[in-house]
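Chain V is fixed; fit chain G onto it per the hints.
From first to last, the protein sequence lines are chains V and G.
First residue of the first sequence: 1, per my numbering; consecutive thereafter.
First residue of the second sequence: 1, per my numbering; consecutive thereafter.
Treat the hints as calculated values from the structure; they're not laboratory data.
Bear in mind that the values here come from a model prediction, so they are computed numbers and not experimental data.
Even for Gly, the Cβ is constructed at its ideal location relative to N, Cα and C.
Mixed in with the good hints there might be a few duds.
What the hints assert, rightly or not - The following label-pair restraints were derived from C-beta to C-beta distances:
{"id": "1", "chain 1": "G", "residue 1": "L208", "chain 2": "V", "residue 2": "I95", "range": "35 to 43 angstroms"}
{"id": "2", "chain 1": "G", "residue 1": "P106", "chain 2": "V", "residue 2": "V304", "range": "47 to 55 angstroms"}
{"id": "3", "chain 1": "G", "residue 1": "P293", "chain 2": "V", "residue 2": "N84", "range": "27 to 35 angstroms"}
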Amino acid sequence: MARFVARRLLAMVAVLFAISVITFTIFNVIPNGDPAYRLAGKSPTPDTIRQIRHTWGFDKPVPVQYLKTMEKIFGGSLVSYSQNLNVDDQIVQGIPRTLSLAIGAGVIWMFFAIALGLFTAVRAGRSADRLMTALAMVGVSMPVFWIGALMTYYLGFKAGLFPNGGYVPITKNPIQWAYHLIMPWTALSILFIGVYSRVLRGNLLDTMSEDYVRTARAKGISERRILLRHVLRNSLIPIVTLFGLDFGAVVGGGAILTEKVFDLQGVGQYAAESIAQLDVPPVLAVTMFGAFFIVLLNTVVDIVYAALDPRIRLS
Amino acid sequence: MAIDPAAELPSGLDVEEIVALARRDGDKPITGVAPSRLALRRLRRNRGALAFGALFVLLVAMCLAAPLYAKHVAHTDAYENHLTETIKLHGKVTDVVSDSGVAIGPTWHGRFLLGADESGRDIAVRLLYGGRTSLEIGFAAAAITILLGIVFGILAGYLGGWVDMVISRVMDVIWPFPTVLLGVALGTALAVGGLKIGPLEVSGSSLLIPILIIGVIPSPYMARPLRGQVLALREKEFVEAARAQGLGPLRIMFSEILPNLSSTIIVFAPLMVANAILLEAGLSYLGAGVQAPTPSWGTMISVGVDHMVTGPHQAIVPGAMLVLTVLALNIFGDGVRDAFDPRAKVRTVK
Numbered sequence: 001m002a003r004f005v006a007r008r009l010l011a012m013v014a015v016l017f018a019i020s021v022i023t024f025t026i027f028n029v030i031p032n033g034d035p036a037y038r039l040a041g042k043s044p045t046p047d048t049i050r051q052i053r054h055t056w057g058f059d060k061p062v063p064v065q066y067l068k069t070m071e072k073i074f075g076g077s078l079v080s081y082s083q084n085l086n087v088d089d090q091i092v093q094g095i096p097r098t099l100s101l102a103i104g105a106g107v108i109w110m111f112f113a114i115a116l117g118l119f120t121a122v123r124a125g126r127s128a129d130r131l132m133t134a135l136a137m138v139g140v141s142m143p144v145f146w147i148g149a150l151m152t153y154y155l156g157f158k159a160g161l162f163p164n165g166g167y168v169p170i171t172k173n174p175i176q177w178a179y180h181l182i183m184p185w186t187a188l189s190i191l192f193i194g195v196y197s198r199v200l201r202g203n204l205l206d207t208m209s210e211d212y213v214r215t216a217r218a219k220g221i222s223e224r225r226i227l228l229r230h231v232l233r234n235s236l237i238p239i240v241t242l243f244g245l246d247f248g249a250v251v252g253g254g255a256i257l258t259e260k261v262f263d264l265q266g267v268g269q270y271a272a273e274s275i276a277q278l279d280v281p282p283v284l285a286v287t288m289f290g291a292f293f294i295v296l297l298n299t300v301v302d303i304v305y306a307a308l309d310p311r312i313r314l315s
Numbered sequence: 001m002a003i004d005p006a007a008e009l010p011s012g013l014d015v016e017e018i019v020a021l022a023r024r025d026g027d028k029p030i031t032g033v034a035p036s037r038l039a040l041r042r043l044r045r046n047r048g049a050l051a052f053g054a055l056f057v058l059l060v061a062m063c064l065a066a067p068l069y070a071k072h073v074a075h076t077d078a079y080e081n082h083l084t085e086t087i088k089l090h091g092k093v094t095d096v097v098s099d100s101g102v103a104i105g106p107t108w109h110g111r112f113l114l115g116a117d118e119s120g121r122d123i124a125v126r127l128l129y130g131g132r133t134s135l136e137i138g139f140a141a142a143a144i145t146i147l148l149g150i151v152f153g154i155l156a157g158y159l160g161g162w163v164d165m166v167i168s169r170v171m172d173v174i175w176p177f178p179t180v181l182l183g184v185a186l187g188t189a190l191a192v193g194g195l196k197i198g199p200l201e202v203s204g205s206s207l208l209i210p211i212l213i214i215g216v217i218p219s220p221y222m223a224r225p226l227r228g229q230v231l232a233l234r235e236k237e238f239v240e241a242a243r244a245q246g247l248g249p250l251r252i253m254f255s256e257i258l259p260n261l262s263s264t265i266i267v268f269a270p271l272m273v274a275n276a277i278l279l280e281a282g283l284s285y286l287g288a289g290v291q292a293p294t295p296s297w298g299t300m301i302s303v304g305v306d307h308m309v310t311g312p313h314q315a316i317v318p319g320a321m322l323v324l325t326v327l328a329l330n331i332f333g334d335g336v337r338d339a340f341d342p343r344a345k346v347r348t349v350k
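Chain V extracted, bound-state conformation (with noise of 0.2 angstroms):
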């Protein structure tokens, strides 16, 4: 087990070390993406040019200036090359709306998406069914940037029942905190609720055809017993695993349509902005920071999972 866990580790480094590559990559091969001329504002003089890409060390070989951009981001100085901010400042200040947006959202759709695979599952082939499963078709259809407008527009602005914009820090008021966040937390959590509960209404599926199933049926177990304690139990293994990747995605900034269309300020928005104005090392900071949630959650699921089912540990 502690070999396991030291390589699936150590694999973590490495994807973080290649992605690290990649983006940096991205951004310096481009054409026309000379981050020196962008710094040097209307028509500069090759001079200032020169004086610019000395100071920011845009002079020296790219594997240099690779080198030195991760030592400054893990280092806390790296700063933005539009505003001149600290980039790790930034993403401090994203974080708590970030992670408000991951953990609310990740609440309501595990509850929901369990419920309506259960309800699914259990009712399958009957109209309920159809109809629900449905509307969970619907809602992995919907763009979420699209349905947070509407949201904005009808809920927010015509009707006024929730705010637009603004975040209220959960320490200062946890109700107004909720209130803020709530549009936002249905919008993201449409589409994943439309997955997983077909995911899961399909595990369910599986499971109860099993023979232990019909084992216990045969003790006299009673059917809520069953479906609670031995069907849905051995149906979530599948849903857990989808569970870590994407809130590791939401946590790492990946809801940035999500974040952007309901101004909430958070990494994802950060990095969408930096990368519209080409500004490198925000986006290179973000991503890691990205990445090693998502890398991260995806150890835990592994390690969790070799943990529970000794076979994975000898694949």
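Relative to the frame of chain V, chain G by itself:
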């Protein structure tokens, strides 16, 4: 107990099929039915899936007819603005775009059927032309995804060794990464600089850039399951027989193994197109997809979102069209999946 012919048995075959397979009419030999034929038969019985498949075809046809609509009904094109013009609505002369910049809403007939945007362009016309763009990206990107998935999946699965190592590790890196984050980074970088590979040069505003990005990023979702299947297939007797006959690895991979993957590929195809259309919308919203003024459903929604307060129809119309299209594809794709492999589960790309 009466046999319900529509009931699905656990094996995935229905009663009719089992009866057809098991029937022994005297000396009449049992004739085999090809799995693909069985699948087609199952799909033909799935009325809902077929209806949505037909709806998708109808939507595609409507978008293809965009020039006809533009010329004969709306009398304009996707780019022409009518900022200063007026039209007659219910006997009243109305500005297309009012002095305060509010665009006219749906008139429900003739010109500006679905209203105008802030630049006074006919939304119905842009919707159809935008549909062409979105669908083009959807089909082309899905084709790239499938092609890359096939090539990498088969190479990794059949050759194994270091080829598999390299391909699998690269997929491990891309797989869990948020597609939107990766897409937006690539999209912005390429939209600014264009793409230059040797003599090949693509300008930043070209549709090829979103097509490439949206095609390449999801390819691990296709390659991984195919690789798994190839791993099992390469141990089969028919592959051994092919090898014994002296067929080269390329021939075995692409003319012996590939045909066995066709049902997986068919199952993935509609879902890949649906996902590509959704990803286009997301990237365009972040400015990393289709570039203005080219209409696409994604660019139209993102412009509309900015004008939600003065003219919500600008976001609602293209969004509804997109949802309808993606929904039709998803439901049809689901039916195809059920038909080909009643027990298959497809991981949905986000």
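So, going through the hints one by one against the coordinates:
As the Cβ distance of G:L208 to V:I95 is approximately 37 angstroms, the hint placing it in 35 to 43 angstroms holds. Distance hint for G:P106 and V:V304: a CB-CB separation of about 53 angstroms, consistent with the stated range 47 to 55 angstroms. For the hinted restraint 27 to 35 angstroms between G:P293 and V:N84, the CB-CB distance of approximately 34 angstroms keeps it satisfied.
The structure is consistent with each of the numbered hints, conforming to all of them.
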